[in-house]
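Undergrad: Here are the chains, one letter per residue:
Number of protein chains: 4
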Amino acid sequence: MPISISASFAFETAEPIDILLQFEAAAIPEQRLISARTTMSDADHCARVSAGDDIGERIWLRVDGRFEVDYASEVELDRLLSPVSSLKRVPPHELPAEAVKYLFDSRYCQADRMQSFVHDEFGGLTGGAQIMAMHDWISSNFTYAPGSSNASTTAVDSFIERRGVCRDYAHVMVTLARASAVPARFVSCFAPQVTPQDFHAVAEVFLSDPTTPGGGAWYLIDATNMANAEDIVKIGVGRDAADVSFMTSFGAADFQCKEVAVTQS
Amino acid sequence: MPISISASFAFETAEPIDILLQFEAAAIPEQRLISARTTMSDADHCARVSAGDDIGERIWLRVDGRFEVDYASEVELDRLLSPVSSLKRVPPHELPAEAVKYLFDSRYCQADRMQSFVHDEFGGLTGGAQIMAMHDWISSNFTYAPGSSNASTTAVDSFIERRGVCRDYAHVMVTLARASAVPARFVSCFAPQVTPQDFHAVAEVFLSDPTTPGGGAWYLIDATNMANAEDIVKIGVGRDAADVSFMTSFGAADFQCKEVAVTQS
Amino acid sequence: MPISISASFAFETAEPIDILLQFEAAAIPEQRLISARTTMSDADHCARVSAGDDIGERIWLRVDGRFEVDYASEVELDRLLSPVSSLKRVPPHELPAEAVKYLFDSRYCQADRMQSFVHDEFGGLTGGAQIMAMHDWISSNFTYAPGSSNASTTAVDSFIERRGVCRDYAHVMVTLARASAVPARFVSCFAPQVTPQDFHAVAEVFLSDPTTPGGGAWYLIDATNMANAEDIVKIGVGRDAADVSFMTSFGAADFQCKEVAVTQS
Amino acid sequence: MPISISASFAFETAEPIDILLQFEAAAIPEQRLISARTTMSDADHCARVSAGDDIGERIWLRVDGRFEVDYASEVELDRLLSPVSSLKRVPPHELPAEAVKYLFDSRYCQADRMQSFVHDEFGGLTGGAQIMAMHDWISSNFTYAPGSSNASTTAVDSFIERRGVCRDYAHVMVTLARASAVPARFVSCFAPQVTPQDFHAVAEVFLSDPTTPGGGAWYLIDATNMANAEDIVKIGVGRDAADVSFMTSFGAADFQCKEVAVTQS
Numbered sequence: 001m002p003i004s005i006s007a008s009f010a011f012e013t014a015e016p017i018d019i020l021l022q023f024e025a026a027a028i029p030e031q032r033l034i035s036a037r038t039t040m041s042d043a044d045h046c047a048r049v050s051a052g053d054d055i056g057e058r059i060w061l062r063v064d065g066r067f068e069v070d071y072a073s074e075v076e077l078d079r080l081l082s083p084v085s086s087l088k089r090v091p092p093h094e095l096p097a098e099a100v101k102y103l104f105d106s107r108y109c110q111a112d113r114m115q116s117f118v119h120d121e122f123g124g125l126t127g128g129a130q131i132m133a134m135h136d137w138i139s140s141n142f143t144y145a146p147g148s149s150n151a152s153t154t155a156v157d158s159f160i161e162r163r164g165v166c167r168d169y170a171h172v173m174v175t176l177a178r179a180s181a182v183p184a185r186f187v188s189c190f191a192p193q194v195t196p197q198d199f200h201a202v203a204e205v206f207l208s209d210p211t212t213p214g215g216g217a218w219y220l221i222d223a224t225n226m227a228n229a230e231d232i233v234k235i236g237v238g239r240d241a242a243d244v245s246f247m248t249s250f251g252a253a254d255f256q257c258k259e260v261a262v263t264q265s
Numbered sequence: 001m002p003i004s005i006s007a008s009f010a011f012e013t014a015e016p017i018d019i020l021l022q023f024e025a026a027a028i029p030e031q032r033l034i035s036a037r038t039t040m041s042d043a044d045h046c047a048r049v050s051a052g053d054d055i056g057e058r059i060w061l062r063v064d065g066r067f068e069v070d071y072a073s074e075v076e077l078d079r080l081l082s083p084v085s086s087l088k089r090v091p092p093h094e095l096p097a098e099a100v101k102y103l104f105d106s107r108y109c110q111a112d113r114m115q116s117f118v119h120d121e122f123g124g125l126t127g128g129a130q131i132m133a134m135h136d137w138i139s140s141n142f143t144y145a146p147g148s149s150n151a152s153t154t155a156v157d158s159f160i161e162r163r164g165v166c167r168d169y170a171h172v173m174v175t176l177a178r179a180s181a182v183p184a185r186f187v188s189c190f191a192p193q194v195t196p197q198d199f200h201a202v203a204e205v206f207l208s209d210p211t212t213p214g215g216g217a218w219y220l221i222d223a224t225n226m227a228n229a230e231d232i233v234k235i236g237v238g239r240d241a242a243d244v245s246f247m248t249s250f251g252a253a254d255f256q257c258k259e260v261a262v263t264q265s
Numbered sequence: 001m002p003i004s005i006s007a008s009f010a011f012e013t014a015e016p017i018d019i020l021l022q023f024e025a026a027a028i029p030e031q032r033l034i035s036a037r038t039t040m041s042d043a044d045h046c047a048r049v050s051a052g053d054d055i056g057e058r059i060w061l062r063v064d065g066r067f068e069v070d071y072a073s074e075v076e077l078d079r080l081l082s083p084v085s086s087l088k089r090v091p092p093h094e095l096p097a098e099a100v101k102y103l104f105d106s107r108y109c110q111a112d113r114m115q116s117f118v119h120d121e122f123g124g125l126t127g128g129a130q131i132m133a134m135h136d137w138i139s140s141n142f143t144y145a146p147g148s149s150n151a152s153t154t155a156v157d158s159f160i161e162r163r164g165v166c167r168d169y170a171h172v173m174v175t176l177a178r179a180s181a182v183p184a185r186f187v188s189c190f191a192p193q194v195t196p197q198d199f200h201a202v203a204e205v206f207l208s209d210p211t212t213p214g215g216g217a218w219y220l221i222d223a224t225n226m227a228n229a230e231d232i233v234k235i236g237v238g239r240d241a242a243d244v245s246f247m248t249s250f251g252a253a254d255f256q257c258k259e260v261a262v263t264q265s
Numbered sequence: 001m002p003i004s005i006s007a008s009f010a011f012e013t014a015e016p017i018d019i020l021l022q023f024e025a026a027a028i029p030e031q032r033l034i035s036a037r038t039t040m041s042d043a044d045h046c047a048r049v050s051a052g053d054d055i056g057e058r059i060w061l062r063v064d065g066r067f068e069v070d071y072a073s074e075v076e077l078d079r080l081l082s083p084v085s086s087l088k089r090v091p092p093h094e095l096p097a098e099a100v101k102y103l104f105d106s107r108y109c110q111a112d113r114m115q116s117f118v119h120d121e122f123g124g125l126t127g128g129a130q131i132m133a134m135h136d137w138i139s140s141n142f143t144y145a146p147g148s149s150n151a152s153t154t155a156v157d158s159f160i161e162r163r164g165v166c167r168d169y170a171h172v173m174v175t176l177a178r179a180s181a182v183p184a185r186f187v188s189c190f191a192p193q194v195t196p197q198d199f200h201a202v203a204e205v206f207l208s209d210p211t212t213p214g215g216g217a218w219y220l221i222d223a224t225n226m227a228n229a230e231d232i233v234k235i236g237v238g239r240d241a242a243d244v245s246f247m248t249s250f251g252a253a254d255f256q257c258k259e260v261a262v263t264q265s
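Protein chains in written order, with the UniProt record's numbering: chain A, 1 to 265; chain B, 1 to 265; chain C, 1 to 265; chain D, 1 to 265.
It should be emphasised that the hints constitute simulated quantities derived from the structure, not laboratory data. Mixed in with the good hints there might be a few duds.
As the list claims (entries may be wrong) - Here are the simulated distance ranges between beta carbons: (1) B:120 - C:150: 18 to 24 angstroms; (2) B:257 - C:150: 27 to 33 angstroms; (3) C:54 - D:16: 31 to 37 angstroms; (4) B:119 - C:211: 40 to 46 angstroms; (5) D:152 - A:2: 30 to 36 angstroms; (6) D:254 - C:97: 52 to 58 angstroms; (7) B:27 - A:2: 44 to 50 angstroms; (8) B:14 - D:98: 36 to 42 angstroms; (9) D:44 - C:29: 31 to 37 angstroms; (10) A:35 - B:126: 39 to 45 angstroms.
To be verified - Chain D is faced by these chain C residues, among others (derived, beta-carbon under 8 angstroms): (11) 18; (12) 106; (13) 157; (14) 242; (15) 243.
Unchecked claim - Residues of chain B placed beyond 10 angstroms of chain C at every Cβ, according to the derived structure: (16) 2; (17) 143; (18) 156; (19) 163; (20) 213; (21) 217.
Each residue gets a CB set at the ideal place from its N, CA and C atoms; glycine is no exception.
With the hints as extra help, turn the sequences into a complete structure.
TA: Listed below in C-alpha cells is the structure:
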C-alpha cells in the first residue's frame with residue numbers, strides 16, 4: 001500500500017533573498033521512493049545539501065519575485081514496527097554517538113525545566129511504558145487548537161497553555177522524553193490521516209526492542225494520534241522545529257498558498 | 001610553541017549513575033597532540049563515542065562512588081589565522097551542509113529574538129567587519145562577573161543583564177552572529193591567558209577569506225578577549241553550552257574539585 | 001487653551017459577559033473638565049467604581065450583543081510643569097505611602113532584571129538628570145513600530161527587541177526608573193500630537209522640585225516624544241498596562257471600531 | 001485562644017542604605033493586638049507609612065552597619081470563617097473598587113497565561129467550589145521543597161516545576177483564581193503550625209457568603225495546608241510577594257539571622 005503525496009506552495013519576495021526549503025519525502029532505507037518529481041520556478045541559485053542525520057535534503061535558493069513549488073511522490077514504507085510499550089530503555093551510557101545529541105536541550109524543548117514534573121508524574125515507569133504514559137498524558141490533557149500557537153511557542157509555553165498544533169504536541173513529547181534521559185528528536189513528515197491535510201510533525205524516541213538484535217533504534221510516536229508509525233513518510237529530523245521548517249527565509253517573503261494531499265492507496 | 005595542559009577533577013555519587021564527559025583536547029588537523037594522557041578511576045562501564053562535528057570525543061561512564069579524572073597533554077597548533085575583520089560573509093545560499101545547522105536557534109541562543117536589535121545596531125556592516133563590531137559591542141557593554149550567571153542563563157538573559165562569564169559571552173556572540181545569518185557555534189576549549197585558569201568557552205563563526213580558495217571556514221572569536229585564535233585548544237563544538245558541557249550527569253553527583261592549568265612554553 | 005477630546009468605539013458579544021471600561025478624562029485637580037458627555041448603549045448592568053489612586057473611574061458593564069460608546073469632553077490643564085532634568089531624587093526612605101507601591105515590580109515591568117544594566121548605563125546620574133538620560137536612551141535606541149508588539153509584550157521583551165508602541169515605551173521607561181529606585185507609574189491618556197490619533201500611554205515618575213515646598217510629586221515623561229506634560233490629559237494610572245486598559249473583557253468580545261480625536265484649540 | 005508571636009532578625013550593611021521592612025502583625029478589625037513590642041537598633045532615619053489596602057505598616061530605615069530587629073506580640077483573632085466551598089462567586093460587574101485591582105496580572109502571577117488550563121481543568125465549577133478544586137489540585141500535584149525556588153520564581157515557573165515553598169504555593173493559588181476572574185491577593189502572615197517556623201504566605205480570595213449580607217469579602221486559603229483561616233495573623237497584603245516582602249533593601253545588605261516563633265495558647 002504505497003502512499004501518494006502531493007504538495008505545492010508559492011511565495012513572493014520584493015527583493016532577492018536566500019530561502020532554505022525542506023519539503024520532500026526523504027530517500028532512506030525505511031522508505032522507498034517509487035516515484036518523485038519536484039518542479040520549481042527558476043531561481044538565481046539553487047543547490048541541494050544533505051539535511052540533519054543524512055535524512056532528506058535541503059534546497060538553497062536565491063529568489064527574486066514569485067516562486068512556485070510543486071511536488072509529487074509515491075512512497076513505499078518498510079519500517080521497524082514494534083509497539084512502543086514493549087520497548088526497553090537504552091541506558092544512557094550505552095547510547096551511540098548519533099543518539100547522544102538528542103539528549104540535550106534545544107530551542108523549543110527545554111527539558112531541564114521539566115525534570116521535576118517528569119520525575120513526579122512518570123518516575124515510576126521506564127522505557128516504552130514511560131513513553132506511552134507521556135503520550136497518553138499529552139493526549140488527554142491537551143486540546144488540538146489551530147491558531148493557539150505560533151513560530152515562537154516553546155514546549156514550556158505549550159505545557160502551560162495545554163493546547164497547540166502538531167508542532168507543539170511533538171515539542172512536548174520530545175521534551176518529556178529528554179527530561180527522562182531518553183533521546184528524542186522532532187520529525188517533519190507527511191501522513192494520510194492528518195486533518196486538515198498539511199505538513200505534519202511527530203516525535204521519535206531512541207529505544208531498544210528486546211526481541212531484535214542491536215542496541216537501539218528510533219521509534220515514531222504521535223501525541224496527536226493523527227498518524228501511525230506505519231503510514232508516516234519522513235521529510236526530515238532535527239532537535240526541534242527550528243531545524244526542519246519546510247521553508248526558512250532570510251529576508252521578507254510573502255507566503256501565498258499551500259496545498260498538501262496525502263493518500264494511501 | 002606547544003601548549004601544555006593539565007586538568008583534574010573529582011566527583012562522588014551516592015548510587016550508580018551515568019555520566020558523560022568531554023574534557024580532552026580534540027585530535028583534529030588544526031591541533032596536533034604531541035602527547036596526551038588520561039587517567040580515570042575504575043568505572044562499571046566506560047566507552048568513548050565521537051562528539052559533535054567529529055571534533056573530540058565524549059566518554060560515557062557508569063559511576064558508583066568517588067571518581068577522579070586526571071588529564072595532561074601537549075598540543076601544537078596549526079590554525080588558519082586570518083584577521084576576522086578581513087573576512088567575507090558567505091551568502092546563506094552558498095553554505096555547505098555542515099554549516100547550515102549553525103544558522104538555527106538553540107537552547108541558549110535564541111537568535112530570533114535578537115533580529116531587530118542586530119538589524120538596527122549592526123545592519124550597516126557585513127561579514128567579518130560586522131562580527132568584529134558585535135565583538136566590540138559585547139566587550140564594551142558587558143562586565144565579566146563570576147557568579148552572575150548559572151547553568152540556565154540564556155543569551156537573552158545575558159543581553160538584559162549585561163554581565164556573565166565566558167559561557168555567556170560566547171552565547172551572546174553566537175546569537176548575534178546567527179541573527180545576522182552567519183553560522184556560529186560554541187567552542188569549549190583550553191587557553192593559556194584565561195584568568196582564573198579554568199575550562200574556557202569562545203564562539204566560532206563561518207566566514208570566508210578572500211585570499212584563500214574554498215567557500216568558507218570556521219574562525220574563532222572571543223568576546224572576553226582572554227584568548228586568541230592562535231592559542232586556543234579546542235575540546236569540542238556544539239550549538240551552545242548544552243552540547244559541550246565538560247560533565248553531564250544523569251542523576252545526582254557531588255562535584256568536589258577542579259584544577260586546570262594551561263601554559264605556553 | 002483647552003483640549004477637546006472625542007472618542008468612540010463599539011464591540012459585540014455573542015453572549016452576556018462582564019466588561020470593564022476606563023476611557024474618560026479623569027476629574028482631578030490638575031485637569032478641570034469644562035464639559036464631558038458619555039453616551040453608551042443600554043446594558044443589563046452598569047456601575048461606576050473609582051479607579052487606581054482615585055484618578056478617574058472604571059465602568060462595569062454586563063453586555064449582551066452590540067455595544068457602543070461615544071465620549072466627548074473639553075479639558076483645561078493646570079499642571080505642575082518643572083523641567084524633568086531639574087528635579088531631584090526623593091531618597092527612598094522619605095517616600096510617602098502612596099509612592100512606595102510604585103517601587104515594586106509589576107506584570108510588564110520586571111525592574112529586578114534591569115538593575116545591572118541601569119547601574120552600568122545610568123549609575124553616574126541621579127534624579128531628573130538620570131530619568132532624562134533613560135528617556136534619551138530609549139528615544140535613540142528604539143523604533144516606533146506599530147504591530148511589533150502585543151498585549152503580552154513586557155518591558156524585557158521590548159528591551160530585547162528595541163521596538164514597540166507607546167505602551168511599550170512607557171513600560172521600559174517605568175522599568176528603568178524603578179530599577180534605580182525611583183517610583184514610576186503607567187499613565188493612560190489623551191494627547192493632541194499622537195500620530196495616528198489613538199489612546200496614548202506615558203510614564204510618570206515621583207521626584208521633587210527643589211524650588212517647591214513638599215516632599216515630591218508625580219512628573220510625566222513620554223519616551224516616544226509625541227506628548228508633552230502640558231498637553232497630556234490623564235485617563236488613569238496604574239503599575240503598568242494591565243491596570244489601565246481602556247477595555248477589559250471577561251469573555252469573548254468582538255472589537256469593531258475605534259476613533260479618537262484630540263485637538264488643542 | 002490568643003496567638004503569641006516572636007520574631008527577630010539582623011542584617012549588616014557596608015555603607016548607608018535604605019531599607020523597607022514589613023514584619024509586624026497588622027492592627028485591623030479582624031485581629032486585635034493584645035500587646036505588641038518592636039525593638040530596633042538606632043537608624044539614621046526611621047519612619048512608618050501605611051501599607052497596601054491600609055493593612056499593616058511599612059517601616060522606612062536608613063541603615064549604616066549592623067541592625068537588629070526584635071518583635072513580640074499577642075493577637076486575638078475575630079475573623080469571618082465560612083467554609084470556602086460554601087461561598088459564591090461575585091460576578092465581576094458587581095465587584096467593588098477595592099477588589100478590582102486584584103483581578104489584574106502582577107509580576108509573579110501571570111494569570112493571562114493560565115486561562116486555557118483553568119478553563120479546561122476547573123471550568124465546570126464556580127465560586128468557592130472552584131477555588132477548593134484549585135486548592136486541591138495544587139496540594140496533590142505540588143511538592144513542598146525548600147530551596148527549590150528563589151526570589152525570582154514566578155507562578156508560571158512553579159506550575160512547570162511542580163514544587164516550591166509557601167510563597168510559590170500562594171502565587172499559584174492567586175494566579176489560578178485570577179485566571180477565573182476571582183480577585184485574589186497575596187498575604188504575608190504568621191501561623192502557628194508552619195514547619196519549620198518562619199514567616200508564612202497564603203492567598204486570599206474575594207467571594208461572598210450567601211448567608212451573610214453584603215456583596216463579598218476576603219477569605220483566606222492556604223494551598224500548603226499548614227495554616228487555617230482561624231489561626232492566621234496577617235502582616236500585609238499585596239498583589240504578590242513583590243509587595244509584601246518582610247525586608248526590601250535598596251543596596252547590599254548582609255542578612256545574618258532570623259528567628260520566628262508562633263504559638264497558640
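Undergrad: When the structure is checked against the list of hints, which entries are broken? Sort them ascending.
TA: 2, 5, 6, 8, 13, 17, 18, 19
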